[in-house]
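With the hints as extra help, turn the sequences into a complete structure.
Just so you know, the sequences run in chain order E and R.
Using numbering that gives the first Met the number 0, the first residue of the first sequence is number 0, and each one after it goes up by one.
Using numbering that gives the first Met the number 0, the first residue of the second sequence is number 0, and each one after it goes up by one.
If you're looking for bench data, these hints aren't it; they were derived computationally from the structure.
A few of these clues could be false.
[What the hints assert, rightly or not] Residues from chain R that face chain E, not an exhaustive set, calculated with beta carbons under 10 Å:
#	residue
1	75
2	77
3	85
4	87
5	103
6	116
7	242
8	286
9	291
[Claimed, not checked] To spell it out: a stretch of chain E is covered by chain R in this simulated footprint if at least three of its residues, at any positions, have a beta carbon under 8 Å from a beta carbon of chain R; those stretches are:
#	region
10	25-34
11	48-58
12	221-230
13	361-368
Think of the CB as a built atom: it goes at the ideal place given N, C-alpha and C, for glycine as much as any other residue.
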Amino acid sequence: MTDSTNSDSRPGRHLDFGKVAKDLIVTALIATAIFGSTIAFRTVSAAGGLRLEVRYDLAFYVIAVVVIGRLLLWLFIWSKPPGTSAVEMPVSIKSGLAKVTAKVGKGFGPTMLMFALVFPFLPFTDRYLLDLSILILTYVMLGWGLNIVVGLAGLLDLGYVAFYAIGAYSYALLAQYFGFSFWMCLPLAGILAAFWGIILGFPVLRLRGDYLAIVTLAFGEIIRIVLLNWYQFTGGPDGLSGIPRPSFFGLPFSRGEGGFSDFFGFDYSSMHRIIFMYFLILALALLTNFVTNRLRRLPIGRAWEALREDEIACRSLGLNTTSVKLTAFAIGGMFAGFAGSFFATRQGFISPESFTFIESALILAIVVLGGMGSQVGVVIASIAMIGGFEVFREAEQFRMLIFGLAMVVIMIWRPRGLISTRIPSIFLKEKKAVSADMVAQGEGH
Amino acid sequence: MEYFLQQLINGITLGSIYGLIAIGYTMVYGIIGMINFAHGDIFMVSSFIALIVITALGLTISTGLGLTILALILVLVTAMVIASVYGWTTERLAYRPLRGSFRLAPLITAIGISIVLQNYIQITQGARVKPLQPIIADGYTIMTRVDANGEFAVQISNMQILIIVVTIILMTIFSLIIAKTSLGRAQRACEQDRKMASLLGINVDRTISMTFVMGAALAAVAGLMFLLYYGVIDFFIGFVAGVKAFTAAVLGGIGSLPGAMLGGLVIGLIETFWSAYFSIEYKDVAAFSMLAIVLIFLPQGLLGKPEVEKV
Chain E
0 MTDSTNSDSR PGRHLDFGKV AKDLIVTALI ATAIFGSTIA FRTVSAAGGL RLEVRYDLAF
60 YVIAVVVIGR LLLWLFIWSK PPGTSAVEMP VSIKSGLAKV TAKVGKGFGP TMLMFALVFP
120 FLPFTDRYLL DLSILILTYV MLGWGLNIVV GLAGLLDLGY VAFYAIGAYS YALLAQYFGF
180 SFWMCLPLAG ILAAFWGIIL GFPVLRLRGD YLAIVTLAFG EIIRIVLLNW YQFTGGPDGL
240 SGIPRPSFFG LPFSRGEGGF SDFFGFDYSS MHRIIFMYFL ILALALLTNF VTNRLRRLPI
300 GRAWEALRED EIACRSLGLN TTSVKLTAFA IGGMFAGFAG SFFATRQGFI SPESFTFIES
360 ALILAIVVLG GMGSQVGVVI ASIAMIGGFE VFREAEQFRM LIFGLAMVVI MIWRPRGLIS
420 TRIPSIFLKE KKAVSADMVA QGEGH
Chain R
0 MEYFLQQLIN GITLGSIYGL IAIGYTMVYG IIGMINFAHG DIFMVSSFIA LIVITALGLT
60 ISTGLGLTIL ALILVLVTAM VIASVYGWTT ERLAYRPLRG SFRLAPLITA IGISIVLQNY
120 IQITQGARVK PLQPIIADGY TIMTRVDANG EFAVQISNMQ ILIIVVTIIL MTIFSLIIAK
180 TSLGRAQRAC EQDRKMASLL GINVDRTISM TFVMGAALAA VAGLMFLLYY GVIDFFIGFV
240 AGVKAFTAAV LGGIGSLPGA MLGGLVIGLI ETFWSAYFSI EYKDVAAFSM LAIVLIFLPQ
300 GLLGKPEVEK V
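Written as structure tokens, this is what we have:
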């Protein structure tokens, strides 16, 4: 297993049996060390301490599967002669395919938007699907917000969920203490989150990539720990409940006089509020997307992308990198704040448990797997991730395991993300030639 | 004063554990410039393996001294070997295919591996906290004070002595490996310039693998120590310990071995003193704030070399 899979030492069409056998034995030994130790033995509580539970059979099956899987890889994939890839296509087909995908890519965004607009009124749409799409849209919005920080400005933020938490708690607390309505709190939550982005960003943004990542992670944890322990103010682990629901421009979604259904002469239905929520998050997400796309055409957006490509060059050209980074941080944080207050009003209950590191990791995974800087990629990745989560809802225990594995596998399969090409925001002549080439795999911006 | 001394001893013990984990981060970061996010979980896995071996051997407090030492050495070696296999395999499967890819890719797979390991242990070993009865008891009373509030004794337990001594021994061994052996030379060469090292005939891939193996082995030592010292483990200990150890590595100056140890001690001391004198709930906040403060005023860490930015 050590060096046998390197391309230069790959065997010809005929398998080198000695080599394969050796490799399989090594694989078996490694699998035994990994799975034999943790699957075969399990400590369980017993009278007066711990007792060992033994499951040799299960461990044996897992090891067997690993070894057989490796054997199959040898037989069917690694037995090809070097240099010929199984999926190599002629150039003409490749360019034709590229043209088709380019066309599909151009139409993809508007089609998705149309579908999203009519989705709540389709006959097969029920409450479950609508709830799921609200969840997906929330992640799309968070993904787009983080895309500003990670995808455009190239700043690695591992604590993005902190801004989401700040937005959610801002709304919940403002509503609880001052009785502010959702529509008043929404901008306030965004401003507060942006403000925190600046407070955090000001000292740490001069750090280089990975240091910044770890400081933002620490910041996310600090916010969570404070929320968890400041019992009098935030309710600690009990969270905050009874968060008011939004109204339709002053009309509450309630039964009877003065409600939304009464005013418009509909029959009362609990679906009205869900549909309203759906359009609310859709509008918020589209706002994020719109603002991002506009900002990219402004000097500040270009500065972000320049910063991502080469920070030293930016500084040499006289850009104030700190303020450029700060705006990215603040604007990204602001959208997370919006999403957070939407989350609070949708759930009606929030607690620090909703804002753990795993959420940050999930949002970051959506951005990176979608293809950093790609807006459409974020949508596809959100649908795949959150939808995938739902599909594996039955296998509660294995869900996160599969999620982690998927992250690894997709990353190795497509390190640049699902949609890996970008249209540069600005061109020096020959715009068409560049863009046609760059759009090869779908819409890039 | 006595209280302070007691906290100092506790802090150094905790700091030793952090330092051992931090070495894994600092070596990997030094050589390939990536945050091995799964390292904290390797530490967690190894503490579970140590627990399994201890339970299998039936080691308890009533076991004789000689047998206990023998058994603990066996536990340590097993945990180190298996943790090394884990470290080697994650490098081979999740990081090596992405070498030369863009900067964020290996970080994402590292987070993925971390999630996989946590949930794998949760499924195979159960989600509940695992308690272990103390195996090494007793200790020494250094000084006592009797005043109006009663008696206060400053104690150092045998367990704390063991942790500190083992840490010092291992630090010495690993420093010697880095300084004197050909493997250590290869590692330092790769750290300075990977391309040049490979041109000079160093097998870079193997050197990187060995770095992961060494880091994992030290994490396994920390895992066993953590298990013996605290007596409770669960599948989630790797995350917090990992973040703090990385904080320690950055604090000490990433890439520097003594720096990692020093950073570990500083983090351990800050955490212990904060819990002792202020509030136990906010001890993590104190440690993380320390990280931010140090990075702002001393970006290269306590013992790190100032980095020269090149175009």
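Comparing the hints with the structure gives:
no.	hint	verdict
1	75	violated, 15 Å
2	77	holds, 8 Å
3	85	holds, 6 Å
4	87	holds, 8 Å
5	103	holds, 6 Å
6	116	holds, 8 Å
7	242	holds, 7 Å
8	286	holds, 8 Å
9	291	holds, 5 Å
10	25-34	holds (count 3)
11	48-58	holds (count 4)
12	221-230	holds (count 5)
13	361-368	holds (count 4)
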